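Colleague: Each chain, letter by letter, is given below.
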Amino acid sequence: MTKEKSKKPVASGHEKSSPQKLSLHVPEPKTRPGDKPDFSYVRISPVGETPRPALDVSAIEIRDLAFGMVRVLDDQGEAQGPWAVELEEDVLRKGLRAMMRTRAFDKRMQRAQRQGKTSFYMQATGEEAISVAQQMVLRKGDMSFPTYRQQGLLFAQDFPILEMMNQIYSNEKDALRGRQLPVLYSFKKAGHFTISGNLATQYIQAVGWAMGSAIKGDDKIACGWIGDGSTAENDFHSALVFAGVYRAPVILNITNNQWAISSFQGIAGGEATVFAARGVGYGVPALRVDGNDFLAVYAVSEWAAERARRNLGPTLIEWITYRAAAHSTSDDPSKYRPKDDWEHWPLGDPIERLKQHMIKRGMWSDEQHVQAEAEYDEEMRVAAEEAESYGTLQALEHRPSPAEMFENVFEEMPPHLRRQRQEMGV
Amino acid sequence: MTKEKSKKPVASGHEKSSPQKLSLHVPEPKTRPGDKPDFSYVRISPVGETPRPALDVSAIEIRDLAFGMVRVLDDQGEAQGPWAVELEEDVLRKGLRAMMRTRAFDKRMQRAQRQGKTSFYMQATGEEAISVAQQMVLRKGDMSFPTYRQQGLLFAQDFPILEMMNQIYSNEKDALRGRQLPVLYSFKKAGHFTISGNLATQYIQAVGWAMGSAIKGDDKIACGWIGDGSTAENDFHSALVFAGVYRAPVILNITNNQWAISSFQGIAGGEATVFAARGVGYGVPALRVDGNDFLAVYAVSEWAAERARRNLGPTLIEWITYRAAAHSTSDDPSKYRPKDDWEHWPLGDPIERLKQHMIKRGMWSDEQHVQAEAEYDEEMRVAAEEAESYGTLQALEHRPSPAEMFENVFEEMPPHLRRQRQEMGV
Amino acid sequence: MSMIEAIRDAHDVMMARDENVVVFGEDAGYFGGVFRCTEGLQQKYGKHRAFDAPISESGIVGAAIGMATYGLRPCVEIQFADYVYPAYDQIVSEAARIRHRSNGEFTCPMVVRMPVGGGIFGGQTHSQSVEAIFTHVVGLKVVMPSNPRDAKGLLIASIEDPDPVIFLEPKRIYNGPFDGHHERPVVPWSKHEDGQVKTGYYKTELGKAAIAREGREVTILTYGTMVHVALAAAEETGVDAEIIDLRTLLPLDQEAIEASVNKTGRCIVVHEATRTSGFGAELCALVQRHCFYALEAPIIRVTGYDTPYPHVNEWDYFPSPERVGEAMKQILEA
Amino acid sequence: MSMIEAIRDAHDVMMARDENVVVFGEDAGYFGGVFRCTEGLQQKYGKHRAFDAPISESGIVGAAIGMATYGLRPCVEIQFADYVYPAYDQIVSEAARIRHRSNGEFTCPMVVRMPVGGGIFGGQTHSQSVEAIFTHVVGLKVVMPSNPRDAKGLLIASIEDPDPVIFLEPKRIYNGPFDGHHERPVVPWSKHEDGQVKTGYYKTELGKAAIAREGREVTILTYGTMVHVALAAAEETGVDAEIIDLRTLLPLDQEAIEASVNKTGRCIVVHEATRTSGFGAELCALVQRHCFYALEAPIIRVTGYDTPYPHVNEWDYFPSPERVGEAMKQILEA
Ligand SMILES: Cc1ncc(C[n+]2csc(CCOP(=O)(O)OP(=O)(O)O)c2C)c(N)n1
Ligand SMILES: Cc1ncc(C[n+]2csc(CCOP(=O)(O)OP(=O)(O)O)c2C)c(N)n1
Ligand SMILES: [Mg+2]
Ligand SMILES: [Mg+2]
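The listed protein sequences correspond, in order, to chains A, B, C and D.
Our numbering puts the first residue of the first sequence at 47, with every later residue one more than the last.
Our numbering puts the first residue of the second sequence at 47, with every later residue one more than the last.
Our numbering puts the first residue of the third sequence at 28, with every later residue one more than the last.
Our numbering puts the first residue of the fourth sequence at 28, with every later residue one more than the last.
Take the hints with a grain of salt, since some may be wrong.
[As the list claims (entries may be wrong)] Non-contacting residues of chain C with respect to chain D, defined by C-beta distances greater than 12 Å in every case (computed): (1) T134; (2) T264; (3) E282.
[Claimed, not checked] With a Cα cut of at most 27 Å, we get these calculated DSS-like pairs of lysine-lysine: (4) K235/A with K153/A; (5) K82/B with K71/D; (6) K140/A with K234/A; (7) K234/B with K67/A; (8) K235/B with K67/A.
These aren't lab readings, by the way, just hints derived from the structure by calculation.
What you are looking at is a predicted structure, and each value in this text was computed from that prediction instead of being measured.
Ideal Cβ placement from N, Cα and C applies to all residues, glycine included.
Let the sequences and hints guide you as you build the complete structure.
Modeller: As structure tokens, then:
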């Protein structure tokens, strides 16, 4: 390509300004307590618009998709467009059940915390589709590196809720021996990595784990998880660098639920761009997806998992969703956002949307739904009762022995730890 | 925009693979010692092709420019295209002189290190245009946060070379009192921040400094500098996050000289993408520029500086260049790349290219060039002789007093440091 | 005033006096911080002087360093000390050495605040005491108050200090003095003498210890929450302990320490951090060196154990008045 | 064999024995590391087992943790210890605690190697000794050899260790023992007994000190380069010092230390790191506690000063045989 010679070069300094007072820009959410919710800032593509690329696509080729939004379910509950996959009835039933049980579990544990039975709890309300649907495309041996808000990964596997509750209560049956804060699970048998209380640290570990699988010629893939706020952490960067450089078989998930405690996603960098757009700068193909659309989550997760399994490398996915509940039991969102925000969230409730789709397809009904809800509530009540019988924070006499503190610091206890344990008198 | 309803949704799992052995991809440069140099991997745009956007452009709007390359000087030494600015003769003369003196200085100091007069030296051969031209668009009070390879910033200001040499020799006149490794200058009066030996740490500091200027309603801007290899460091990420979020008045420079000691730029992520492409994911407008083209560097630096001064925020610039010499006096590049790489570098030598342009414009001649070279060599020889008279690593008796070690650890020396100084007996 | 209010007040006083003081951190702007230590500052001083930061501890500190070298006095918050590690490089390699390496051309007057310590069922990532990884760093000052009065005075002194200060806030005593008796109700600071905080500007000099209790039998070197635990231990055992509240760990008030140990001839060091290579080690090293001939018994350390901070077994880990009391008895018998 | 060759050999032995061992770091692949400690491994074992890494210390360690939890045994290189700080969070918050927090479900067998110490005119960013910021971290082992024989045996033991190990290599003695007499020519390891390194597989047990010199008058606790400085000091002063080469700092061989100090009644601690809160403090704290009644004089620390490592004044900072010798004389007179 040649260009005609520009006739007269532009004179230097033609745009030079005289000194001007600078000022600091501090992003601010559109609405604060008392305001009418306003989600006009969310870039939403029409259902079906964002294309489905070939599996072996490069980051550069699909760089514009980061600004689109993969959506499958339309407002009427119909599946539309290139990402619409005809899922078997039992897959949908399983997905709906897992999402509903996640929510019922959250409700029960939130209440347990309020009753002083545990120190802390974190709900995933409104975000259930993402972890549930992604888990459903994974295979045995794959490893997820979740944050504290991916309990859906466990419900999608019908993981024993008693084991989760025992951890939350730090009771005598807690597999983690009362060491970890509630919800910071570790369930290796479920492909669920030990959750860190430090944000973002595990994103690069997921990449390293996936590199390990590739180094060994294994066929396992890894999934990293991070929140919108936590993308600002440095480990986000190192994860993307390593994933891009070594083409690690990993799915890198960003759950953009619009909030990081009291900070809206603009404080993490979501004001002038979208998080998915980071992929291309690291050579990692990236998509932006309606995270409250179970079918879209399933389809894109499957696509990304396939890329990883065929040694085509990493995929970055920004899931757009909304943190409907408080950040944690220590948080009161009415202090920093409109009380009724969630009801106005334009992408709806993932459970309601899947329910609508299933009703549409004749697989489900409102009555069944109500009945299922009641059933799961009851299941959680009963399980909690049993878990509580093994101890809670109000019944410390049931807790794991203090001597456990010294176990598993190392594989073999060194002399100084033995001495300290003796000092403690246990 | 509406899409026709897809008739038959694609069946799930249609792309599902059976388990497949993964393998690790490790990027490898195209050529190694003994190979014929091959730079076909460098994306080079035709001169004049990459457009010049408006100053108040957004990162998303110009996201494709990251994959182009701003170039002004063509093979014949003519200025072409939308970025061609008619620079005054004295600007060009000044630029050429600064680049040539930089190179002469490097030559002399490299030799001094070989003679054992100092411990260490780092040349900027082949990259002189970038720092020289950028400095020429800065104003008094602006602050650069350079790496160890931006000595051109000082030459563009006619900074006293004796002060630089005294630092390199850690002699009795060294303003840094023999504390710092050679070339890790600090010259506040020249808008030259104290250089860290730790890579990338100062990129975010440049952003913070610029935020400070904006907070105070000042009119000063900052320039951050980083190498291709160092973009992998975490501080690169935090700098981009903060610059994007707060729209800091800062120019974020990436000097992509293709190498980081023995590692080619693919190891930092330059294989599947370009570094400039990182900008859009952080909401920072980004350009990719021929760094060996003095006129392009000048024009793009001026554009970015104007953006910053008008409170339009940060700009990320990837300068494409080549590290012609060894990484440092401790390095031997023939161990990991073809010996004659530099001669085949497709973007040439910045000094030769500006010289050609100036000759074309009738401002310069080959004879003048040879004469200037000799003059600068002699200037450096004389200056080095003087600097050496104040001490070198071979003449430690001239060094700053060991007591200096305890000074400026804090503004006021605390008792324990006073005690330790006494202990030392100084 | 609670310690939270005292810290907020120190910010307020300094932001009013010096427009170069700026405050930021995760959730520290609009909301005022998860512990509410910066509440109201954005509303009062504007978004450009008190704002929310991305979740990037290293970015927060790195940006603060840039601002400090520009000429501001940033006072930034790390949400929990357990999350300061990503910022460690910026603190150690940069903030602490900028003055020295530039021979004073550039300086870094900056405060990095963070809540430390356990006792709130926060598990291993909301309970750590990180002082020792900073006391080894040349070029830093390290401060830890034990009550609202000192908290305000020390924070003001830290903000005015020309060098970087690590300001550690024992979160267990944010709302009231806590002596380790978790089974008892918390007494608020308003009921405590040290909760009577002067209004307006005042400084508590860095580098000076306080004597929390005079005594003759044994010296207890401690800081933060453990001051209250040690006081309880003295009261409960009846041992006439001299309790030194170090307040500033770096630079250390060695004079006060030596004077006390030379008087009592016995020394116990109490801290919540894990033992090995904790700051207590430095205290032991100094005391044995400088008071060797006065010492009648080996110095005892009562500390957290060398394990991660537990969740449910918190009270077995937390150095209790009982443990301190036993050390007192042991050292008096030695 | 030089220490570099010994370290390379340890890698080679372990990569041949265990295909789960992988090696990476900045310039560590094709080129074999700036100190050439991994030279030839990529050529021998393939790019997927020995490769170059991006300049991202935290990425290197973070990825290594992921690999270790997958089931590999990564042994990674940080180019200089001065650059380990960005990785500090991954080491402290993750590697060190993964086994504990998952109750052994996930483990992190990983070695992080890095050159430490000065004496090469490397200035403040190529000279630091970082042991103390790791010895305070529960869940880590910390190792520092003083000669090629130990370097190989300890590195093999570290790679085989089921937990994360910080492996510190005193770069000043990579090529030959250095006793602080910088004015004298370097003697290569090939001329030294401890340079006679066995071929093939052998281990030097972690947690066990060595007696570098038996003696009766004073115990010197030290490690790395300073072992050689202490030996020189003993020889030059004629003091009959017992020099303990700790080799592993965590877990520490307390038995060996106590046995020696109880015998000599005097103790000097020597290290190159800055003094305050250095590892020497922990050694003082332990010795005064456990050998109190045997001690005839206060323990003396001979260390780097509490300033950044200087460039041109390196030899004034570096603990010299003279300084150690003077401490010996002082302690014998006490
Ligand atoms: C390193 C670190 N810094 C700060 C925190 C405190 N913290 C816990 S959750 C949270 C917000 C995270 O927001 P986001 O990543 O968006 O995830 P979400 O809670 O929305 O799921 C913060 C700041 C932490 N746990 N770790
Ligand atoms: C934090 C840190 N890690 C590693 C190093 C060692 N090191 C010094 S220069 C260098 C290569 C940098 O390459 P690049 O960023 O491309 O800059 P260039 O040398 O090409 O100008 C490395 C690895 C360092 N100085 N700091
Ligand atoms: Mg969020
Ligand atoms: Mg480079």
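Colleague: Output the numbers, in ascending order, of every earlier hint that fails for this structure.
Modeller: none
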